[in-house]
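A.B. asks: Knowing the structure of chain U, use the given hints to seat chain Y on it.
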Amino acid sequence: MPQMAPLLWLNLFLMFSTTFIVFIILNYFIKVPTKIEKSPSPLQKVEMNWKW
Amino acid sequence: MMTNLFSVFDPTSSVLMLPLNWMSTFLGMMFLPMLYWAMPSRWSLLWTLITSTLHKEFKTLLGSSHFGTTLMFVSLFSLIVFNNFLGLLPYVFTSTSHLTMTLALALPLWVAFMMFGWINHTQHMFAHLVPQGTPGALMPFMVLIETISNVIRPGTLAVRLAANMIAGHLLLTLLGSTGPSLSATLISMLIIGQILLLILEAAVAVIQSYVFAVLSTLYASEVT
Chain U
-10 MPQMAPLLWL
0 NLFLMFSTTF
10 IVFIILNYFI
20 KVPTKIEKSP
30 SPLQKVEMNW
40 KW
Chain Y
57 MMTNLFSVFD
67 PTSSVLMLPL
77 NWMSTFLGMM
87 FLPMLYWAMP
97 SRWSLLWTLI
107 TSTLHKEFKT
117 LLGSSHFGTT
127 LMFVSLFSLI
137 VFNNFLGLLP
147 YVFTSTSHLT
157 MTLALALPLW
167 VAFMMFGWIN
177 HTQHMFAHLV
187 PQGTPGALMP
197 FMVLIETISN
207 VIRPGTLAVR
217 LAANMIAGHL
227 LLTLLGSTGP
237 SLSATLISML
247 IIGQILLLIL
257 EAAVAVIQSY
267 VFAVLSTLYA
277 SEVT
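First to last, the protein sequences are chains U and Y. Numbered per my numbering, the first sequence finishes at 41, counting up by one with no gaps. Numbered per my numbering, the second sequence finishes at 280, counting up by one with no gaps.
Hints listed in this document are in silico derivations from the structure and should not be mistaken for laboratory results. There's no promise every hint is true.
Partner residues aside, some chain Y positions facing chain U, computed with beta carbon under 7 Å [unchecked claim]:
#, residue
1, 124
2, 135
3, 157
4, 260
5, 263
With a cut-off of at most 27 Å between alpha-carbon atoms, the simulated DSS-like pairs for lysine-lysine come out as follows [what the hints assert, rightly or not]:
#, chain 1, residue 1, chain 2, residue 2
6, Y, 112, U, 20
7, U, 24, Y, 112
8, Y, 112, U, 27
9, U, 34, Y, 115
10, Y, 115, U, 20
11, U, 24, Y, 115
Label pairs and their computed distance ranges (CB to CB) [stated by the list, open to error]:
#, chain 1, residue 1, chain 2, residue 2, range
12, U, 21, Y, 192, 15 to 21 Å
13, Y, 115, U, 36, 45 to 51 Å
14, U, 27, Y, 171, 40 to 46 Å
15, U, 11, Y, 171, 36 to 42 Å
Remember, it's a predicted structure, so these values are computed and weren't measured experimentally. Backbone N, C-alpha and C fix where the C-beta goes; we use that ideal spot for every residue, glycine too.
Extracted from the complex, chain U is given alone in its bound form (with noise of 0.2 Å):
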């Protein structure tokens, strides 16, 4: 079964964990980072008792 045979183990393992850096490096380069907008804060309101 071809998934079973020993090709070039070692060297596959390497050139996967190279692959999976440089796809961490260029996600890293790739990423656009977004401002969050904030939303004006209402005005404070002072509570009182209503009274005469």
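C.D. replies: Only chain Y this time, still in chain U's reference frame:
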């Protein structure tokens, strides 16, 4: 010609019988949008949307003290999803269907998390071996069961991905190989069935890569 049922998964190419089919692992790099232009293209906007959704999801799983580590899991997702999805196209080799690749991704991650956890947070790791609320008499068995489930984690991660990819491709090739000997009505039914299977396989490709990334995130968050 189908020499063998599994010949779709053979990495031997026709150029001097060298295993050049593994080069399809690098195909995903051509699909990542590069930041060369000042205005983002539609594909770049879509990719940013997908990765920012994933980053937010993994941030909730990892907790607020480890923000930067979501990069590794999002790029793991991108590597696996491109490999899975492009493998569905004709004549493209699916490198994630081989245990060589999936173990090469799963085993270093798991070993790194285990070594970090056991060397730096030994007591925390021992405490995790007994789930909350087990009765006192059951504790030795729970430790045994949790240790076994911990040890087989890289195996399950790798085998789950590889087996899902193999199953889908095998089903499609099996159905397709009966094509030349069928009548016209049966061929139309076969084509419709294969199209439905292809749609299923596309969904499975994306879902399995997501599951892989999420589970490795969970295993990481257990350690810290």
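A.B. asks: For residue 24(U) and residue 115(Y), compute the direct alpha-carbon distance and say whether it is at most 27 Å.
C.D. replies: It holds: about 17 Å lies between the C-alpha atoms, which stays within 27 Å.
A.B. asks: Just to be careful: measuring from the Cβ of residue 157(Y) to every Cβ in chain U, is the smallest value less than 7 Å?
C.D. replies: holds (5 Å)
A.B. asks: At a threshold of 7 Å, is the proposed contact between residue 124(Y) and chain U supported by beta-carbon distances?
C.D. replies: Cβ of residue 124(Y) sits 10 Å from chain U, so the hint is violated.
A.B. asks: With a cut-off of 7 Å, does the beta carbon of residue 260(Y) approach a beta carbon of chain U closely enough for the hint to hold?
C.D. replies: violated (19 Å)
A.B. asks: Within a Cα-Cα threshold of 27 Å, do residue 112(Y) and residue 27(U) meet the stated pairing?
C.D. replies: holds (18 Å)
A.B. asks: Take a look at whether the Cβ-Cβ distance between residue 27(U) and residue 171(Y) falls inside 40 to 46 Å.
C.D. replies: holds (42 Å)
A.B. asks: Does residue 20(U) sit within 27 Å of residue 112(Y), going by the straight-line distance between their CA atoms?
C.D. replies: holds (13 Å)
A.B. asks: Within 27 Å, alpha carbon to alpha carbon, are residue 24(U) and residue 112(Y)?
C.D. replies: holds (14 Å)
A.B. asks: CA of residue 34(U) to CA of residue 115(Y), is that 27 Å or under?
C.D. replies: violated (35 Å)
A.B. asks: Taking the Cβ atom of residue 115(Y) and the Cβ atom of residue 36(U), is their distance within the range 45 to 51 Å?
C.D. replies: Distance hint for residue 115(Y), residue 36(U) is violated at roughly 37 Å.
A.B. asks: Given the hint of 36 to 42 Å, check if residue 11(U) and residue 171(Y) actually sit that far apart at their C-beta atoms.
C.D. replies: 24 Å Cβ-Cβ, so the 36 to 42 Å window is violated.
A.B. asks: Classify the hint on residue 263(Y) as holds or violated, based on whether any CB of chain U lies nearer than 7 Å to its CB.
C.D. replies: violated (19 Å)
Going through the hint list in order, the structure does not satisfy hints 1, 4, 5, 9, 12, 13 and 15.
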